[in-house]
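Taken in order, these protein sequences are the chains called A and B.
First residue of the first sequence? That's 458 in my numbering, and the numbers climb one at a time after it.
First residue of the second sequence? That's 8 in my numbering, and the numbers climb one at a time after it.
You may find that some hints are simply not true.
Sample of chain A residues at the chain B side, in silico, Cβ under 7 Å [unchecked claim]:
hint, residue
1, Asp883
2, Gln884
3, Arg889
4, Met901
5, Gly905
6, Phe906
Think of the hints as simulated: they come from the structure by calculation, not from any bench.
Just so you know, even glycine gets a beta-carbon here, dropped at the ideal spot from N, CA and C.
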Amino acid sequence: MTDLIDGIVEREYAYGFHSDIDTDFSPKGLNEDVVRLISAKKNEPEWLLEWRLTALEHFLTLEEPSWQNVHHPPIDFQDMHYWAAPKPKEDGPKSLDEVDPEILETFNKLGISLGEQERLTGVAVDAIIDSVSVATTFKATLAEAGVIFCPFSEAVVDHPELVQKYLGSVVPPRDNFFAALNSAVFSDGSFCFIPAGVACPMELSTYFRINAAQTGQFERTLIVAEEGASVSYLEGCTAPMRDENQLHAAVVELVALDDANIKYSTVQNWYPGDAEGKGGIYNFVTKRGRAGNRAKISWTQVETGSAITWKYPSVILQGDDSVGEFYSVAVTTGMQQADTGTKMIHIGKNTKSTVLAKGISAGKAQSTYRGLVKVLRSAEGARNHTQCDSLLMGSECGAHTFPYIEVKNDSAQIEHEASTSKIDEDQLFYCRQRGLGEEDAASMIVNGFCRDVFDELPMEFAVEAQALMRLSLEGTVG
Amino acid sequence: MLSITNLSATIDGKTVLSGFNLEVGAGEVHVIMGPNGAGKSTLSNVLTGRDGYVLSGSIDFDGEDLLAMSPEDRATAGLFLAFQHPTEIPGVGNMYFLRTAVNAVRTAQGLPEIAATDFLGQAKDAMALLDMDPAFLSRSVNTGFSGGEKKRNEVLQLSLLQPRLAILDEIDSGLDIDALRVVATAVEALRSPDRSMIIITHHPRLLEMVKPDHVHVLTGGRIVRSGGPELATEIESQGYASAMADGAAAPSTS
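In isolation and in its complexed conformation, chain A is listed as follows (with noise of 0.2 Å):
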């Protein structure tokens, strides 16, 4: 058990090479001129460059939140690059063929060469490397569809009428501190608008991922789907082993106007730092959507990497009958660091919401689900069910669980299970009896104490994800 334990503390980031790709800086630093300067590298309208001189504005009043249970030494927000870009060789590519081969190259590693995905899966890729989108697949498919899905950039040129209605009507630039400073610098992201009735005729994928040093990613993602519109989409994340550490403090809103339905999935798998914790993203992210009349919104994530994780992708369920749910697997091993869950606010009638988490932790990682279950006086005959689950290998680890519950009408029906347990030493012993190694067995029995979020993913994903809880537990066996 202790080479077990021991094994998932040593194993080694396996996408942590870093590309050399020409990099195109910001200065240093966080003032008017930055945000001036992005704005301007991005030809953004007049309304734009004010929505984010604002937002700096009010950023500059805040001070950095401290009630999470996650502890970092101070950021300095003067000292990282706010805009960085690979160089373009010419203009810029028009096609997958003009893209910068050491790009295309960084994708092969990830495993998500474009042009394979292109041709064999049928997902559509905006795929990003720090800012900037470098390629867009499957556009005119999706087009015909009525489908947009393209870089946020692009999309406040083509569609600014779009993005001014729908930016910041969830996650408002005051909403909180790293919402903010988002709102301020934000780089580039992606724009996803599903039309009225229309069911989005294929998954959308995009892949982050942070490269160049010192920089922060301040992506921003903002999906629509209008009435009884639907839509799957896939966020995943890695980025290169760095020894200091990196930010990233995306926003993602999500629009569901009534009875649409948006399924949003991600697998984090962010460099977590080396076992002593030197290095790692630190992943402080705003997510949230707001759901209309019977519409849907519902949240998957599988979070393995990131030194410090943040973040709760929550709804506002705002209209009668709406749906939200949210489902999750935090691993956390070696010095990793994770706080996070869920805020389900019932406003409508009748609204339901479902919140299922699974915390592992190991090494000396610490692991906390905070969630907010939030029923207001209008929200007749609201419904929550909570439960959070923790499992814990070795003694150093440790799982905490916060759960908020406010209600405010008495007709409500608010649940809530946790549970904490040590991983089963008859279970482990079982398998070996079997003839399973004591990695194989650990690695089955924690994806079948997962088994309930991943049967929420995407296929796809699903492997994926299962693939990586695999890798966690990798070089277990002394």
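With chain A's structure known, arrange chain B on it following the hints.
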């Protein structure tokens, strides 16, 4: 096949087995009976490699030093335990688990892994013999199974893994008479000249259906008496105390 010499086992300072000797030849079925606390479960734990015991003595398994092997190496070498209390593993499909186990053994034997479709056929045939609903394949391992269902699932694994030495630890406990007959029939069908079995039981009823070659009485951490099937009959009619008293007066050899 199996040769246990002067085995002693201590856990938490308490000696559970002491001066334990047993020889099991190929194709033989041995029964170990004994009162509660005699050391029966310790024997199966030690044979399969559970940690926590301080051991001395030796166990030879087909020329190999069993005590030096990891639990999984013992399993892939052909040692199988039907657990007294099979563990539930939520979220892990029974079919997937069974096939993984079979493939672990096949890989150790240098055989190619069995394809899912071929395995499904074999599993269904074996389940029919055990009167098990194929739906059990899609459920999680032992999760929510009744006591009897868990025992059948153990025998199902036994029949799919085809071990050289099977230890059945109280496979009969918690079974009603009909279930016992089904399990006994399946076990009897698995007897073969190159497969040995050690059946640990409290109850002689199983032995009316699976005829043993040798019966041993275990008490105080060692075998105090050995004999043929008639010894089981004697224990049933007269109890352990009498059997042990006779044994003390006239130790039999086998």
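(message) Less than 7 Å between beta-carbons is the criterion; does A/Met901 satisfy it with respect to chain B?
(response) Where the cut-off is 7 Å and the nearest Cβ of chain B is about 6 Å from A/Met901, the hint holds.
(message) Tell me if the interface restraint on A/Gly905 is satisfied: Cβ within less than 7 Å of some Cβ in chain B.
(response) At about 3 Å, which falls below the 7 Å cut-off, the nearest Cβ of chain B leaves the hint on A/Gly905 intact, so it holds.
(message) Holds or violated: the hint that A/Gln884 contacts chain B, with Cβ atoms closer than 7 Å.
(response) 5 Å, holds
(request) Double-check A/Arg889 for me: the hint is only fine if its C-beta lies closer than 7 Å to a C-beta in chain B. (result) Status holds, d = 4 Å.
(request) Answer holds if the nearest beta-carbon of chain B is closer than 7 Å to that of A/Asp883; otherwise answer violated. (result) 5 Å, holds
(request) Would you check whether A/Phe906 satisfies its interface hint, that is, whether its CB is within less than 7 Å of any CB in chain B? (result) Nearest chain B Cβ about 6 Å off; hint holds.
Going through the hint list in order, the structure satisfies each hint without exception.
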